[in-house]
Structures are given as C-alpha cells and as structure tokens.
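Asker: Sequence:
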Amino acid sequence: MNATKKLRLGPLPKTENVKLTFACPASLKTDLDRYAALHAQAYGEAVDAEKLIPHMLEAFMAGDRGFKRGGQATSKPPAK
580 MNATKKLRLG PLPKTENVKL TFACPASLKT DLDRYAALHA QAYGEAVDAE KLIPHMLEAF
640 MAGDRGFKRG GQATSKPPAK
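Residue numbering for the sequence shown follows our numbering, starting at 580 and increasing by one per position.
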C-alpha cells in the first residue's frame, strides 16, 4: 500500500485567490515542502507548498468544532 495515497489533503480545486503573506519557522517550511512533494507524488501534479497552505487552513478550520460553533463568517470587516 502506498502511504502517499493517504494524504488528508486531496487534489486541489481551482479557486479565486487573494494574496496573503505570512512568516513561519524554517522547520515548518521544510515540512510544507516535503508535504508538497508527497502530494505531487500522490496526485501526479507538481504543486508548491504555497499553493497547499490555503487548502490546509481551510481543512483545519472546517474540522474545528469551536470555530463552527462560533457562528457564520461575515463579509463585513471588523470595526476599528
């Protein structure tokens, strides 16, 4: 059995994107690159770690019960 077929993140959908920049520890970047390599091996399509991050965050938030109980997302920006 091929372990890469068990990745939690499946093939990536096409989406509209908004640019967001963030800093992360070098060890996390190394892990993201390794995950991207495994993802490419599993699904036959090369992908950069930067393309995986939004889908990982989306999957994380979808599985977070506290976030789900916190209410629906709003399109209104928070007041300053």
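FYI, nobody ran anything at the bench for these hints, they're computed from the structure.
Being a predicted model, the structure only gives us computed values, none of them experimental.
The reader is advised that the hints may include incorrect statements.
[What the hints assert, rightly or not] No more than 35 Å apart at the CA atoms, straight line, and that leaves these computed lysine-lysine pairs for DSBU-like:
| # | residue 1 | residue 2 |
| --- | --- | --- |
| 1 | Lys-647 | Lys-593 |
| 2 | Lys-630 | Lys-598 |
| 3 | Lys-608 | Lys-593 |
| 4 | Lys-585 | Lys-630 |
| 5 | Lys-608 | Lys-647 |
| 6 | Lys-585 | Lys-598 |
| 7 | Lys-630 | Lys-593 |
Asker: Check whether the Cα positions of Lys-608 and Lys-593 lie no farther apart than 35 Å.
Answerer: 23 Å, holds
Asker: For Lys-585 and Lys-598, compute the direct alpha-carbon distance and say whether it is at most 35 Å.
Answerer: 29 Å, holds
Asker: Is Lys-585 close enough to Lys-630, meaning Cα to Cα at most 35 Å?
Answerer: Since the Cα atoms of Lys-585 and Lys-630 sit roughly 19 Å apart, the hinted pair holds (cutoff 35 Å).
Asker: Between Lys-647 and Lys-593, does the CA-CA distance stay at or below 35 Å?
Answerer: Roughly 24 Å between the alpha carbons, so the hint for Lys-647 and Lys-593 holds.
Asker: With the threshold set at 35 Å, check whether the alpha-carbon distance from Lys-630 to Lys-598 stays at or below it.
Answerer: 11 Å, holds
Asker: Is the straight-line distance between the alpha-carbon of Lys-608 and that of Lys-647 35 Å or less?
Answerer: 28 Å, holds
Asker: For the pair supplied as a hint, Lys-630 and Lys-593, is the alpha-carbon distance within the 35 Å limit?
Answerer: 11 Å, holds
Comparing the model with each numbered hint stated earlier shows that all of them hold.
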